[in-house]
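Undergrad: What follows is each chain in one-letter form.
2 protein chains.
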Amino acid sequence: MMTRTASLILSETRELTTAAHRAAVDALCPELRHIAGYHAGWWDVDGVPASPAGKAIRPAFALASARAAGADARSAVPAAIAVELTHDFSLLHDDVIDGDLTRRHQATAWTAFGTGQALLAGDALLAMAVSQLADSEQVRVLTEAVNDLCAGQSADIAFEDSDDVDIARCLTMAEEKTGALLGAACQLGAMAGGAGAASNAYRVFGRELGLAFQLVDDMLGIWGDPAVTGKPVGSDLAARKKSLPVVAALTSRTPAGAELARHYARDSGIDVGHAAELVERAGGRAWARAEATRRTASAMRALDAVSPAMPGAADLHTLASLITERNS
Amino acid sequence: MMTRTASLILSETRELTTAAHRAAVDALCPELRHIAGYHAGWWDVDGVPASPAGKAIRPAFALASARAAGADARSAVPAAIAVELTHDFSLLHDDVIDGDLTRRHQATAWTAFGTGQALLAGDALLAMAVSQLADSEQVRVLTEAVNDLCAGQSADIAFEDSDDVDIARCLTMAEEKTGALLGAACQLGAMAGGAGAASNAYRVFGRELGLAFQLVDDMLGIWGDPAVTGKPVGSDLAARKKSLPVVAALTSRTPAGAELARHYARDSGIDVGHAAELVERAGGRAWARAEATRRTASAMRALDAVSPAMPGAADLHTLASLITERNS
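Chains A and B, in that order, give the protein sequences.
End of the first sequence sits at 360 in this note's numbering; the numbers just go up one at a time, nothing left out.
End of the second sequence sits at 360 in this note's numbering; the numbers just go up one at a time, nothing left out.
Just so you know, not all the hints are guaranteed correct.
As the list claims (entries may be wrong) - Cut-off 30 Å, straight-line C-alpha distance, at most; resulting in silico cross-link-like pairs (BS3-like, lysine-lysine):
{"no.": "1", "chain 1": "B", "residue 1": "K87", "chain 2": "A", "residue 2": "K87"}
{"no.": "2", "chain 1": "A", "residue 1": "K263", "chain 2": "A", "residue 2": "K273"}
{"no.": "3", "chain 1": "B", "residue 1": "K274", "chain 2": "B", "residue 2": "K263"}
{"no.": "4", "chain 1": "A", "residue 1": "K274", "chain 2": "B", "residue 2": "K87"}
{"no.": "5", "chain 1": "B", "residue 1": "K263", "chain 2": "A", "residue 2": "K274"}
{"no.": "6", "chain 1": "B", "residue 1": "K263", "chain 2": "A", "residue 2": "K273"}
{"no.": "7", "chain 1": "A", "residue 1": "K273", "chain 2": "B", "residue 2": "K87"}
{"no.": "8", "chain 1": "A", "residue 1": "K263", "chain 2": "B", "residue 2": "K87"}
{"no.": "9", "chain 1": "A", "residue 1": "K274", "chain 2": "A", "residue 2": "K263"}
{"no.": "10", "chain 1": "B", "residue 1": "K263", "chain 2": "B", "residue 2": "K273"}
What the hints assert, rightly or not - Some chain B residues well away from chain A (every beta-carbon gap over 10 Å; in silico):
{"no.": "11", "residue": "G102"}
{"no.": "12", "residue": "E207"}
{"no.": "13", "residue": "G266"}
{"no.": "14", "residue": "S339"}
Keep in mind that the hints were calculated from the coordinates and are not lab data.
Ideal Cβ positions, reconstructed from N, Cα and C, are used throughout, including at glycine.
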């Protein structure tokens, strides 16, 4: 039997796996995709294409193992991609944990993009790795929710440094950050209960309700009673968080919104009582309350379309009230 | 239809899910299990049992959704656990990203156990979450590898602060940290190639080889040529890393090992040239070289037992030589 050189094996591996590897990373949200591709050496910080530095050692072992088991190397491409994505996840987190500044002769992802974004890119890659091997719809639902969760948190971080956050993007962010996992909870529960295609209505129910939950959470972060919430009064405003009522106020084109923007732009401490009043005068509170009501109603419509008379549906109504009518 | 109160729904949820939730967390390595249980409010920093603070809202939605779909709540317990573990993963990482100091009225996990350990606990919980829903052997192989990977990295961090690291524990750590993923690469490739029960031999092959790889890596970290490795000479020693040759030297009961221990215990800078000589005189280098050879041989035996004459087996031999005979 002829022995193939290592460089031939590795170049064949890259030929067979590169497209699928790229496709998996392309499925991440733009910011996390950019970080994952930077980490893989596909482009530099600005997105200018570069020569990949990774050797794809682990994928080569996966493909060779498939051949050793008597099959074509192609059969193991998903396994190879899953392992390489897991390796990338691990290195991204490792560099944060060890505080390493360079990897493969370039700045580590956390030094280039910040700790939060690098961690989230790793998390999203792990979810993507698992999804390569998933042959159950349930695993796919969960990994997609994790992907959305990471995308939402990544956008949340990016918004803190951005001057032009519009309310539509902010709602998308909140839906991903808070709605995706509640949507998965409901959809997975319904699937386990045999809902089949109707399980998508439970997903919508959970996502819409999750967004309502976030709106309530944001209102409590500004106007909640510290004795009940356990957080200092106005802590979100003190931290200049761009929560939903704040973004509604900032984009309201009202004098109060403009004044709030000036307070948020300053370096000095914020008078949280005054800032809360500005959000209210700019209509941020009324909008958030109305939007929470709309989203809750939309959630209920989705649910009632598929299971109006089941005992669990009444429980879901009760739980929905619990989280949208809470004061802490 | 009688409406059940939220508190009844939530307490029923806890009754149905607590045992399975605990069992999932119990499957983590001891250090990460401790952090996950602390985060869930099951015990305090010292492991003294506490009253859980979490409301299990998401699991309640999952169970209620199963009932709304017409099934028994019990059918959705794995879905409920998967979602709760995902939520815990996300909060553990969130607290690191946001730098939050308290959660549910106690110190956040990263402030109590360090950033690295808290991140790894989150990673391990995400893998465990997915494994609740996995009905494919492949997903299970990958999530177990991730669990091992996190356990190994957690042990690695713990070792840095520990005075009594023995070589057996250090080898286990390295097998988990480096061997687990290479083992999964080979096993998953073989499974994709139709290996069936024989795929376990590929797992052993990859794990043993991964350990050999780590031993070579550790030797290069001490005696590698900076021009080839791209790392400063003796960087592992300068950072007082307890790599495998170092631990072999420290536990050698030789005068050179004792002197090395004194250098590692001091706060002042280490003369890396002298330290490398001490590791060598204490037998650390010879041991590492011999152990790498033993592990490589063990890997080859496992492989040759199942596929001696397949073309891919020759590739695996070539790849094995590539990573155990490298100089960078």
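Undergrad: Taking the hints in turn, state whether each one holds.
TA: Structure-based check of each hint:
Between the alpha carbons of B:K87 and A:K87 the distance comes to roughly 46 Å, so the proposed pair goes past 30 Å and is violated. Between the alpha carbons of A:K263 and A:K273 the distance comes to roughly 14 Å, so the proposed pair stays at or under 30 Å and holds. At most 30 Å may separate the alpha-carbon atoms for a hinted pair to count; B:K274 and B:K263 meet this at roughly 17 Å. For the given pair, A:K274 sits about 27 Å from B:K87 by alpha-carbon distance, which is consistent with the 30 Å threshold.
Distance restraint check for B:K263 and A:K274: the Cα-Cα separation of roughly 42 Å exceeds the 30 Å cut-off, and the hinted pair is therefore not satisfied. As the CA atoms of B:K263 and A:K273 are separated by approximately 41 Å, the hinted pair breaks the 30 Å bound. The hinted pair formed by A:K273 and B:K87 meets the criterion: a straight-line CA distance of about 26 Å does not exceed 30 Å. As the CA atoms of A:K263 and B:K87 are separated by approximately 18 Å, the hinted pair is consistent with the 30 Å bound.
Taken as a hint, the A:K274 and A:K263 pair is honoured in the structure, with Cα atoms around 17 Å apart against an allowance of 30 Å. For the hint pairing B:K263 with B:K273, the CA-to-CA distance comes to about 14 Å; that is within 30 Å, so the pair holds. The Cβ of B:G102 sits about 6 Å from the closest Cβ of chain A, inside the 10 Å cut-off, so the non-interface label is violated. The beta carbon of B:E207 is kept farther than 10 Å from every beta carbon of chain A, the shortest such distance being approximately 15 Å.
Chain A leaves B:G266 outside its interface by the beta-carbon criterion, the shortest separation being 16 Å against a cut-off of 10 Å. Chain A draws B:S339 into its interface by the beta-carbon criterion, the shortest separation being 4 Å against a cut-off of 10 Å.
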